[in-house]
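Engineer: Given next are the chains, with one letter for each unit.
Number of protein chains: 2
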Amino acid sequence: MTDLSPVLDRADQNLEKSLERLFDLVRIKSISTDPAYKADCRTAAEWLVAALMEIGFDASVRDTPGHPMVVAHHDGATPDAPHVLFYGHYDVQPIDPIELWENDPFTPAVKDLGDGRKVLTGRGTSDDKGQLMTFVEACRAFKEVHGSLPVRVTILFEGEEESGSPSLKPFLEANADELKASCALVCDTGMWDSDTPAIAAALRGLVGEEVTITAADRDLHSGLFGGAAANPIHILTTILAGLRDETGRVTLEGFYEGVEETPANIKASWETLGRSAESFLGEVGLSVPSGEKGRSVLELTWARPTCEVNGIWGGYTGEGFKTVIAAKASAKISFRLVGQQDPSKIRDAFRSYVRSQIPADCSVEFHEHGGSPAIQLSYDSPALTKAKNALSDEWAKPAVIIGMGGSIPIVGDFQKMLGMDSLLVGFGLVDDRIHSPNEKYDLKSFHKGIRSWARIIAALAA
Amino acid sequence: MTDLSPVLDRADQNLEKSLERLFDLVRIKSISTDPAYKADCRTAAEWLVAALMEIGFDASVRDTPGHPMVVAHHDGATPDAPHVLFYGHYDVQPIDPIELWENDPFTPAVKDLGDGRKVLTGRGTSDDKGQLMTFVEACRAFKEVHGSLPVRVTILFEGEEESGSPSLKPFLEANADELKASCALVCDTGMWDSDTPAIAAALRGLVGEEVTITAADRDLHSGLFGGAAANPIHILTTILAGLRDETGRVTLEGFYEGVEETPANIKASWETLGRSAESFLGEVGLSVPSGEKGRSVLELTWARPTCEVNGIWGGYTGEGFKTVIAAKASAKISFRLVGQQDPSKIRDAFRSYVRSQIPADCSVEFHEHGGSPAIQLSYDSPALTKAKNALSDEWAKPAVIIGMGGSIPIVGDFQKMLGMDSLLVGFGLVDDRIHSPNEKYDLKSFHKGIRSWARIIAALAA
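One line per chain: the protein sequences are A and B, in this order.
Following my numbering, the numbering of the first sequence begins with 1 at its first residue and continues without gaps.
Following my numbering, the numbering of the second sequence begins with 1001 at its first residue and continues without gaps.
In case anyone wonders, no lab produced these hints; they're calculated from the structure.
There is no bait here: all hints are sound.
Going by beta-carbon spacing under 8 Å, a handful of chain B positions derived as facing chain A:
(1) Arg1204
(2) Asp1217
(3) Thr1238
(4) Ser1290
(5) Tyr1316
(6) Phe1321
(7) Gly1406
Cβ atoms here follow ideal geometry from the backbone N, Cα and C, with glycine treated the same way.
Model the full structure from these sequences, guided by the hints.
Structural biologist: Next up, the structure:
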């Protein structure tokens, strides 16, 4: 058993220097979406390679058609130590609108909020430089105390996460043997709240579709043709209305295949989180849960599939009125998937349903807008249980296993391409303003994040 | 009984001069929507006054806040002769795009189409200068032959029909006693086809509504909120889909109050017109009648009420995809009314229905876009029967009593404000290109139109 206590002490002692190193990284303007910062992205990768080599990693900058990857390896303390892949990204979001920043986004600082909280300000302090540095600094503390790491570690830092990760899949494919580990550690998520650590185990998938219905070959006058000519807006609205029944369930054939009920103990733990429909929806001016009846808002957003119309348009939409029967009407529709739902089967079921509703003299066109399955990690795998206990010890509060309404594509890629489940642990808070001006990361997130990772890798080795 | 035959002969002999007079009127650029042509509008009114005085009318230009009216009176041959009000408009549509005209729009000409048809070209030759001059020239022929008119005639020519007739209602109100007659003759409609005269007896009314549904107080991320937060597009599409049942009937409570079945003989006459669903809808790329089942396209467009969504919008409608749950969704909806349907009752029924479908935490706003009842003239009044027989005699083919899918507001105004039904007789053809470049009026429409009016006023006097 690794002696953890001196490692945690070392992390505490290192904190000031850890912050200095993070701030060095934050100062590098590694905005991946803007070609003007291409050299900065490489500088960030090189900085990370140097930082990792300093603590004994075999690290290198690896070119891609876009911004480079950083790959680093470190042996475990014993030859049979488990092997983990840690993932983070060194690129950051653009900083516009710059005038809304209270401090320069690339001049990080510690800011005392006066209520006992200290925060680190600057672009990337949370997403994802601050988060990835919690892991690097945990490794450093281990190395400094024990001269080794309790697990074998491979690190993958990406520089294109904020621009859709175009190089990632080819890179995983080309380097699968090098990157494959028993488990991936992904640090790009958040805590439940500032006191409660969380591990995300369910991420919803997505099927995006665009549909355009064409009736007449031109717009028609509703006086001359109304009552006789097909109106594509009627057809479309009837189709969309038919996608859900009165209980909020999606009506597509086979839609719920692969959807499993959330385990009772997980549901019970969600009940304790105190997120009522009133509190959750109240923040956006609503109060009544939509969607399936008889389920909590956490279950609805984390563990149940949905169908949403994200956009609709057709006919005359300007000022005043025009008595037109439009030739075309369109909508963008997305399905959030859970469990083992199959995106292509759901796309097919949707298209079959729509086609079945189109009158003989009308036509329909579909346009695909992405599809990815849900990620459903085991709620009680050994790795998750170990990490959960480690986090609970560090934060003196039980860690919660949560779901996420949206998807994190990398987790699916790791699963599909490297056959490897992920452990999603992160220390971001909902008020971190990632992607917005005045991004921050709580000093406590950073400090206890480092200690958390130290505990987790020790636990995974045990 | 008036001796009609010499009047018809006179109309034939006058034709060349009648054309010259019409062309004089067409040359006046009386575009009512464009302030640059304000003086031309007055010139047209003055020209008409002079033309009417020349044939014995007591005629005058009458100022309004907009373009002037022309009002003229002529006694009947006997003191107890029926009194008719003839309505037409001297203003014309703009001429853009000018480059598409084959001849100057204000230099009228007779053009031989080579297939036996001759047409009069120029803006207003059909709508409505050519049409109103058929009546004036019929009066002239009567006066020249008999020195009198068989009926007492009041004429009202408007100069703002193409700009929404803003001065008309106040003018009717202020001059009701002067304008009221036993029947109005309105010459602003068309024939069934180039051989078949028509009288329009049913004009659909209209209720226009705009509805905006608001759910959350901002746009939401569909991953974070999807499944729990109300989606206004779902609410809207469900509401719109519910407006019509599977048989095409409108579901609003009381919607069919005041809707009567078209008399069997009228329906039978429509059947003989040979307008099949295939031919009518085929012109616009359709083939299957929408709306109520088991009714012909003529019945659907002339004699049945409808509900049409004329526009819909909400959420993300640009390129690509955005997983947004919109805060708002809107639609523009119109109802075409028939018979005695009450616009305000239908508006109320619509709003009640919509309100009943709005979840407790969402809201709805309505915006009114006009409302007017249908015009349902008697299918067998003495005046209509006389006019029908007169037209049938002139064209050697039974005149058909038709409906019109759209409304002609003046007919409702005459009914409501002057207590007077209208007789809608016109000689326009579907290929007259009114409101478009290269407007024309068939010489036959003009010539036989004059003869038709001569026959009609003789018949009305009998």
